[in-house]
Each structure stands twice: as structure tokens, then as C-alpha cells.
Amino acid sequence: MATHRVPLVLLACGSFNPITNQHMRLFELARDHMHSTGKYQVVGGIVSPVSDGYGKQGLVLARHRIAMAKLALQSSNWVTVDEWESQQPDWTATAVTMRCTTSELLIMAILYSQNKSLTLRLSRRLPHCLTPPPPSGPCPQVKLLCGADFLETFRIPGLWQDDHVEEVVGRFGLVCVSRGGLEPERAVHVSDTLSRHRQNIFLVREWVRNETSATEVRRALRRDLSVKYLIPDSVIEYIHQHKLYTQDSERINKGTVLRPLAKHAVESLDD
Amino acid sequence: MDGRSTTKVVLLSCGSFNPITNMHLRMFELARDHLEDTGQYRVVKGIISPVGDGYKKKGLIEACHRLEMARLSTENSDWITVDSWEGLQPDWVETAKVVRHHYAKLLAAEKSNDDVDTVNYGKKRRVEENYLEESSQHTRRDGPQLMLLCGADVLESFGVPNLWKQEDIDEIVGHYGLVCITRSGSDPNKFIYKSDILWKNRKNIHVVHEWVTNEISATHVRQSLRRGRSVRYLLPDDVVNYTREHGLYSAESEQKNADVVLAPLLKYSDASSS
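Residue numbers (the UniProt record's numbering), protein chains in the order written: chain A, 1 to 271; chain B, 1 to 274.
Source of the hints: derived by calculation from the structure; they are not laboratory data.
Going by beta-carbon spacing under 8 Å, a handful of chain B positions derived as facing chain A:
1) Asn22
2) Leu25
3) Arg26
4) Glu29
5) Asp33
6) Glu215
7) Ile216
8) Tyr233
9) Leu234
All C-beta atoms in this analysis are idealised placements derived from N, C-alpha and C, irrespective of residue type, glycine included.
Next comes chain A alone, as it looks inside the complex (with noise of 0.2 Å):
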């Protein structure tokens, strides 16, 4: 007898500044993945962009990101973009995001079960495209889809709370898109939460090594060189249209400290 798929939503928080094919790419990756371990069916991604608050170093303004994203994802039929981390005034701590997506998605399925109607006229938030759960079926999970550079950040001293690396990568779980030289494994590895998770964090290697950043886009861009075929037409478009990524914009925050590095050294201060 068949078992049933677990039906999975992968998440991706960040700052998408701007948003490129590469992060697009890892939406797909990570999808073929989960469908070859037979356990899980993708039935939506959603990309998060990052508040204003979050105060990172050259971050444009977060209607300008959204905005980007969205063009971006317009030919995509599984992917869509959520607002609702951007638009709030602080910066959200990504175990936040994961849980309020979560919870959604639960009175969703509640509803859809109740009143079809009903939850189409609410869902404006959350991927429209997302197949609503058979009555008896699971609730889609929710997992972190992330590049391997982002398990690097559980080690940065003062950027995660420990109870939310616990929470995102116990109670959630990873999806890991490898790139470049790293080395998910041992980031892994050297890690007691993430070793103790390891079952809930699965790596997807990328044999095409595609070193296209948001970093070097905008370093592009400052430089007048071009970036077709890195990013959508529509988002170059944009961009050029509404002149962001220039020496100026490079500098915004500068000198600020990063928001969850500021928060929570006034916690540590309180204690």
C-alpha cells in the first residue's frame, strides 16, 4: 500500500536584495529533492522578503524588493511572495515568520474543510495556488529552504536565539541548497543542534556551481555592467526604471548595527 506524501510548503526568508534566478533556482532544486526521497509533495513555496528593520548594510527599500519579486515570480504557478514579514516595522525573527506561515496554513486547511469559499476570499496572503489538504489528510508542513551559506549564520555570535535555531530546526526543519565551495555536511557537523536534527535537515547539492549573487548583481549594476540572464527582464526593468543599486544605495545602514545583533544584546543586558 501506497503511504501518503507529507504535503510540504518550502520558505524562504532573506533579503532578496534584489531578488535573482539563483534564489529561484533553489525553489526548484529543493523541490525535485523532496520528491525523490517519496516522502513529500511540494504543493507551494514562498518567498519572505526581509523588513526595512532588519538593517542590513546597501538593503533597498522593502516595496521595491516585494515589488521585484513579485515581477519575478509571475511566470511561476507554485511559487508566490508574502508580504507580511516586510511590512511589519521591526525585524522578524525567522522562527516568527515560520510559525505565523504555519498557523495560516492550519486555518486554512480548518476552513477549506468547512467552507470553500470562505478561504479563497481569505487567502489573499498565502500562495492561492497551494492544493488545500484532503480532509483527512496532514496539513502541509512547512520547511526553511536556504543556500548552505545560511548554516554558516547559526554560528555567528549573538544572530540567533538558541530556542529558535532549536524551534527552526527541530520543530520545522531545513532544506539546504548547497553552493559554491561549502560544505553543508560539516557546518552540520560541528554543530550540536544541527547533528542532534540531522534527520530534519536535508542537503541538496547543486553540481552546477552558479555563484550568481545578490551581491555581485548589485556590484554589477553600481558598475553600469549588465546582468541580463542573471536576473528576470522585468526585475532589470524595474530596477532601471526606479534607479536603485548605486553607490548611494550600497550605503544605506551603513554603520548600523545588523537589528537581531542589536536585539539581542539588550536582552542578553537584561538578564
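Add chain B to chain A, keeping to what the hints say.
Coordinates of chain B only, in the frame set by chain A:
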């Protein structure tokens, strides 16, 4: 901006394009940025010339498909086009001949004071090839320049026995020019240094360093397609759809020409053994 006039350049890229990928297209953009940055050149056109089926490379699918995919991928470009002349020849054509053919067309277009002809696959112009082949010996530096655009692997293939005729290499780097896109880990400058003919013509060889590593290889793309994996965002969307609609790239297609000798190797080893 000084009063120096810039040389018009047309970039020609030959290859299997089996299938065309975002990396192939990216090479044109990188080359143009690099040449124009020197202040000496103005790149006016890019030409993609997929090889004919007569090349007999393993896994090479029909030229008509490769041409159509290339055409779809350049629909959104205002300077890169696809030319079908080489792809539709029954026998394999040496790269030097392809370069000569396109240069002749370029000269003919200049002679008749037309704008540089935007040939797209479907329209062809008759060119007095024999006459112009003679005159291609005298490259006019005041006229447009045709440069071969390639990756470092092509440059290094000059060293593979029986793959290239020495006089063809001479001609390409001597009379025309090469724009070679390289990435980290590869050092074409060393290869150029070690070759007398390349070294002599080093002023005609423009090495463009691609700092953003982008190793989308067509081989990897074919493998992914065989395994039912997504290749979205590695190729233009229209091309992805085309491969799906026509069921291209299977285990079967990869076996095509498996037991056949590559055309240039066959041709030149015959010649050298006679």
C-alpha cells in the same frame, strides 16, 4: 570621452548549443561590456551560429531544434541573433570558414551602406563568397571587426591534435580576433603564453574574466532533463517549454553518434595519414 572613433565589432559564437543556456547568452553580455569598457570598440551585433548535424558530436540533437531554441532565447535581445547558415549545411564546416562567411556578409553589408544586417533564421542573403574570400585576407581595420566569442575551453582546444588546422587558428587569431570568457580556476593567459601563434597575436585575443562563477553546462542541463529534474532558470523559459513539448534530451538522444568519430578528427587525421 575623447574624439577617438571606435571600431565596430560583431561577435560570433560557434558551438553545439545543445541546448542553448543562460550562460551562452551571458557570454555575449560580458564580452560587450569588456570591449566597450576599453573605449576602443562598439559592439553592434552578436551572432549565434549552432553547428550542423555533420559535426557528429555524441548527444547532438537535430539542428532544427537547436536553431529554434536559440531563436526563442534571443527573442528578448535587441542585438543578439541566430544564423542558420552553418547549422543547415549537410557536412561539418570548419570554424574558420564560418568566420569567413560571416565576415564576407559584414563587408557586403558595409559596401552597400546598409545597417548591419540583422539576419534571423528564416531570412538569408546571397553573398559573393568566392570574391570576398580573397579580399578577407586584407582585414580593414577601419571597417567592422568580426571576433569569435568563446570560452577558455575552446581556446585550449586549439591544442588538441587533429581538432583544428594550424592555418585556421592562424587565420582566426591573426585576421579576425578572439574574445575568450574565462572563469576562476582557468588561466588562458598561460595557455596563450605557451603557444607561439597565440602569443604573436595576443593583441587580438581579449580575455574576459567572469568573476561571478556560472557553470551552467549544456551537458548538465541534458542530464537533468534525462532525469526529469527541473532546468528552470538555467535556460530561458521558452526554451525549457520547447524541450518539454518536443520531448528532447532522453537517454536515447544522448547515445546519438556514440560510435561515430567527431567530424574534424576524422577529416584531419585522414589528411595527416595520407
